[in-house]
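Here my numbering runs 1 ahead of the position in the sequence shown, where the first position is 1.
In case anyone wonders, no lab produced these hints; they're calculated from the structure. What you were told as hints is all true, and nothing was included just to trick you.
Here are the computed lysine-lysine pairs in the PhoX-like style, where the Cα-Cα straight-line distance is at most 20 Å:
1) K488 - K458
2) K431 - K511
3) K237 - K488
4) K522 - K511
Quick list of the computed label-pair ranges, beta carbon to beta carbon:
5) D239 - N317: 16 to 24 Å
6) Q225 - L18: 37 to 45 Å
7) L474 - V235: 22 to 30 Å
8) E7 - N317: 23 to 31 Å
9) N317 - E515: 57 to 65 Å
10) G53 - E515: 41 to 49 Å
Glycine residues also receive a C-beta, built at the ideal position from the N, C-alpha and C atoms.
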Amino acid sequence: MTIHIEGLVAIAVFYLLILFVGIWAAWKNKHAGEAEGTDRSETIMVGGRDIGLFVGGFTMTATWVGGGYINGTAEYVYLPGHGLAWAQAPFGYALSLVVGGLFFAKPMRSRGYVTMLDPFQQTYGKRMGGLLFIPALMGEIFWSAAILSALGATLSVIVDINIKISVVISALIAIFYTLVGGLYSVAYTDVVQLFCIFVGLWISVPFALTNPAVSDITVTAVKQVYQAPWRGSVNKSDTWVWIDNFCLLMLGGIPWQVYFQRVLSASSATYAQVLSFLAAFGCLVMAVPSVLIGAIGASTDWNQTTYGGVTPEEKNEADMILPIVLQHLCPSFVSFFGLGAVSAAVMSSADSSILSASSMFARNIYQLAFRQSASDREIVWVMRITIFVFGGLATLMALVTGTVYGLWYLSSDLVYVIIFPQLLAVLFVKGTNTYGSVAAYVFGFLLRIGGGEPYLKLPPFIYYPGWTTENVLNNITGEMEVIVIQKFPFKTVSMVASFLGNVAFSYLAKYLFESGKLSHKYDFLDAVVSKHSAEIMDKTTLVARGNNIGLSEMKPRLSVTLAAAFTRRDTLPAETVQEEEEESSPDSFLHDDE
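Using the sequences and the accompanying hints, generate a full structural model.
What follows is the structure, given as structure tokens:
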């Protein structure tokens, strides 16, 4: 094994830069929120709600632009039979940010929530909030694992070191500065990391394009030279699969704590919307060099390079096409700078997901479900411990799981079919309750799992219309395996069924109990009859009264302290509250029991 000293030095420089910025951000903001009386735990989670447009725009863009995004986009543009037509992530996630900004950012930020799970626990109760935490946690862990996996692959190319070592080192650095500074460290390092990605890739692209082994990419886009045209196409039989996957990225990209952590840290609801739109533009801009690098990989005669005559696809290294192009088609000093910058930068999503998972656990599970009397210091320590635990889980998955894009889609699936329809219902449909939420959870889960999951070797027990089988080579055993391919858009159908199930069962339960057809004693979830149950947590409405935010619909048995856990006085400037009341009544988004 040969260690490339120059590459090692480049990585060390960029890693130290990221670490320095993370520690500096933590030191700079160590007293943030103290003057307003904000808890330290909340400051770690949402950064004192004073993230401005510049830092906010960068950190929200970095929500999706990480290792999985840039490596996965280049991978699919390069892959024969896929091409640009199947590289859906740039437009899918950009549109998810636009939709999130238009419809979800304002109601979430205007009510002063701290995490994405707050409205679920507020409306459906702490037990349902705990159930919804499971797919949310899985999504964050899978996403972090995808980032670390891509990061390890990149590092192994540049310095020729073991992937496992590079993954562990990268994870430890991301965990450390997240632990030290919380959202402030994550946000400020995102600025540096995105700058590194942008500069590192754009410096490398001209050198790769002008390499003698690379043909004109405008020609290879439409004509077969070394492989199928990189523009790609969608076969008629795959149309519904393409639509299903695109909807998964566009709508499934909304209900993530990493996104709402940025939304809820914005200084106002309007800022939260603007940040979403800026990030959508940023996602598209940051995808351009990845698309070009994927096209370059598809236009290269690998016989003329130091890589050798066997193509990356034939070596099963298509997922590493970006670092391979930079390593073998650029001069050494350019490739080391580009790969060093990208290697340090792709941590920008892993740190966010680890912080998001620990925030949801510490607040929605530990504090609101089990220890409502927990001190702020106790919550901070729970966050620190879970940052280590969840970071370790993501690292473990990165070491044992396969392709980057497989992890990417897998992480979005359960979030898309379970959490998105629940978020849609809890924010925009009046009258849904815990019975509907449970039914929606079961419907979404069974319909999605029933379709199988090839990446987990999970066979289907529901064969949707148009299913077929394919023979796939197992890279570990070298044997051919038969897998079932679902051509039906079953993920989107599962999501729609989950949403409709929530509405239907909520109104059915409400009718049965309120009409007396079912005795009140059978309302075991306390969701319809028992209006003052401690299980269904306080339902609050933000009301503008001069410079204050009042609380109405308070349940008599719940303390004002618990109400403040969901809605804080200091989260909304007076002018923002007035603006919100003029544009849309908060009551139109909230559930009531009337």
